[in-house]
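Colleague: So you can see what is in the structure, the chains are spelled out below.
2 protein chains.
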Amino acid sequence: MAMCLLLKAFHRLTALSAVRRTRLCHPPACVLSRAMVALPSVLFPKRSDLSLPNSSWGSEMMRLYEHYNGQCEVETQGGQKQRGLWRRLPSYNRSLKYATGGAYLSKIIQSKARFFTRHIRDPGAGFEYVLFSNKEEKKCVCIFQAGHLLEGFPGHVHGGAIATMIDTVTGVHASLIAVPVMTANLNINYRSPILLGSTVLIESSLDTKEGRKIHTSCKVTSSDGSKLHTEATALFLSISVGHLLKGQ
Amino acid sequence: MAMCLLLKAFHRLTALSAVRRTRLCHPPACVLSRAMVALPSVLFPKRSDLSLPNSSWGSEMMRLYEHYNGQCEVETQGGQKQRGLWRRLPSYNRSLKYATGGAYLSKIIQSKARFFTRHIRDPGAGFEYVLFSNKEEKKCVCIFQAGHLLEGFPGHVHGGAIATMIDTVTGVHASLIAVPVMTANLNINYRSPILLGSTVLIESSLDTKEGRKIHTSCKVTSSDGSKLHTEATALFLSISVGHLLKGQ
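Chains as they are written, first to last, in our numbering: chain V, 1 to 248; chain P, 1 to 248.
Hints listed in this document are in silico derivations from the structure and should not be mistaken for laboratory results.
Keep in mind the model is a prediction, meaning the values are calculated, not measured.
Just so you know, even glycine gets a beta-carbon here, dropped at the ideal spot from N, CA and C.
Among these hints, one or two may not hold up.
A few chain P positions that, by computed beta-carbon distances, are all more than 10 Å from chain V [said to hold, decoys possible]:
(1) Asn-54
(2) Arg-63
(3) Asn-69
(4) Gln-80
(5) Leu-85
(6) Lys-112
(7) Ala-113
(8) Glu-136
(9) His-148
(10) Phe-153
(11) Gly-159
(12) Leu-201
(13) Asp-207
(14) Ser-223
Sample of chain P residues facing chain V (criterion: CB under 8 Å; computed from the structure) [stated by the list, open to error]:
(15) Ser-56
(16) Trp-57
(17) Gly-58
(18) Met-62
(19) Gly-160
(20) Asn-185
(21) Leu-186
(22) Asn-189
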């Protein structure tokens, strides 16, 4: 009941302003930069962009990061810099805290809540990843290094951790097309297991957008693309926040 | 390369003894009790069964736990106790450490590795769950309380965390039928979101077993069963450990 009231309060508040300007769906990577644009930074606590390199990133993770990051900004013939085909998507461990009015909303809902893929504080222990989007090619690429806390079969990444990354990457991709969205279906085929500690590429491609339905395809491959680990399709529905809360 | 050598060492060692007696697939819940049966406890460090109640369990979690746990042992007319239709499955945060020769194997592979659903130490913050199996009815039931570190859409459980629990519950179920098994397919339909902090029931039913293929169905419902949150099918393949390692 308490939760119900809190959600009603959240609904009212978000209906006023935040929802129209932010992406409430998971993952929140692309929500935050937009919401912050017009607001003085002094209103918000310092936030860490967890998609930037840290000391736990291995050489393969760094190589791929530099490959895609280098294509986010290109130099023209005149020596000037301009936006490239790719864009790095920042990522945080909380969503509402950094959205418009978010510090207040976060306290209303659950002050301790953290985004599932970003709650592990120890660098390299959990999900280390960075996402890049390419609007022209209608795709997203994620470089993912799997930490030792994601174990399933001994020495290998848990199927649920792989599903989590697929949901996250395809969810980001869908939320670049319509917001907010929620996962309606994930159909995942596990082809070959992934070793703990290894770096893989996760690529999401837009298949179709029909009304509220966004269909994407996803592949998880070795970092050089030669080995297929997992392939999946995902269906997302664009929804209103009212629709979400109606179900409580 | 180093990982490759470690896995070869692991392969040789497991081929000698451990594999035939233990379940190497995830989740390891049912592995450990069997492996430990004939071995003196002094050989192993103290281990915590994480499926037992702790202070973070809410009233709904406790009510359901007591309901199923009470059916694990029944009293006969003569006042004697005997095994009931249900069996509680213990659960740990490591697999090999507690299997035959596991303390050694764990060091060889990754001493810091932890099972994905059990790596969060703070009680109530992550996945709180307990599994019960019913051999006659060919089903498994899991009582799951979702902690604040599993957030996706603000205030709700991440789709990946739900997929993780579905993979875990159906994986335990399949591993009661054949070992070792690995997930081949998960097809998940998300019907209605799950609030952070709530307790849900996850039920896995055996559909078919054909050769190496084990098909299960899974439903995630509210704790009273009245509301369907998620439904899924899962396909598992029974494999040899050699088959797994061949793919590296």
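Colleague: Please go over all the hints and tell whether each is borne out by the structure.
Modeller: Now for the hints, and whether the structure bears them out:
1. With a minimum CB-CB distance of about 17 Å to chain V, Asn-54(P) clears the 10 Å threshold, and the non-interface call stands.
2. At roughly 17 Å, the least C-beta separation between Arg-63(P) and chain V is larger than 10 Å, which holds for a residue marked as non-interface.
3. Annotated as non-interface, Asn-69(P) keeps its C-beta farther than 10 Å from every C-beta of chain V; the closest such distance is 25 Å.
4. Even its closest Cβ contact with chain V, about 40 Å, leaves Gln-80(P) beyond 10 Å, as expected for a residue assigned away from the interface.
5. Against the 10 Å criterion, Leu-85(P) stays outside the reach of chain V, whose nearest CB is about 28 Å from its own CB.
6. Look at Lys-112(P): its CB is around 5 Å from the nearest CB on chain V, not clear of 10 Å, so calling it non-interface is violated.
7. Under the 10 Å C-beta cut-off, the non-interface status given to Ala-113(P) relative to chain V is violated; the minimum distance is some 4 Å.
8. Listed as outside the interface, Glu-136(P) is consistent with that label: its C-beta sits roughly 28 Å from the nearest C-beta of chain V, beyond the 10 Å cut-off.
9. His-148(P), annotated as away from the interface, has a beta carbon of chain V within 10 Å; the closest lies near 4 Å.
10. With a minimum CB-CB distance of about 5 Å to chain V, Phe-153(P) fails to clear the 10 Å threshold, and the non-interface call is violated.
11. With a least beta-carbon separation of about 4 Å from chain V, Gly-159(P) fails to lie farther than 10 Å from that chain, contradicting its non-interface assignment.
12. Here Leu-201(P) stays apart from chain V, with its beta-carbon at least about 17 Å from theirs, past the 10 Å limit.
13. No beta-carbon of chain V is positioned within 10 Å of the beta-carbon of Asp-207(P); the least distance is around 17 Å.
14. Every C-beta of chain V lies more than 10 Å from that of Ser-223(P), the closest at about 14 Å, which supports listing it as non-interface.
15. With 8 Å as the threshold, the beta carbon of Ser-56(P) stays out of range of chain V, its nearest partner Cβ sitting at about 12 Å, so the hint is violated.
16. Hint status for Trp-57(P) relative to chain V: violated, with the closest Cβ pair at about 17 Å, above 8 Å.
17. Annotation: interface hint on Gly-58(P) violated; nearest CB of chain V at approximately 12 Å, more than 8 Å.
18. Residue-level restraint check for Met-62(P) is violated (minimum Cβ-Cβ distance to chain V is 18 Å; threshold 8 Å).
19. Hint status for Gly-160(P) relative to chain V: holds, with the closest Cβ pair at about 3 Å, below 8 Å.
20. Hint status for Asn-185(P) relative to chain V: holds, with the closest Cβ pair at about 5 Å, below 8 Å.
21. The beta carbon of Leu-186(P) comes within 5 Å of a beta carbon in chain V, closer than 8 Å, and the hint placing it at the interface holds.
22. Interface hint at Asn-189(P): satisfied, since its Cβ lies 5 Å from the closest Cβ of chain V, which is below the 8 Å cut-off.
In summary, the structure is inconsistent with hints 6, 7, 9, 10, 11, 15, 16, 17, 18 from the numbered list given earlier, while agreeing with the others.
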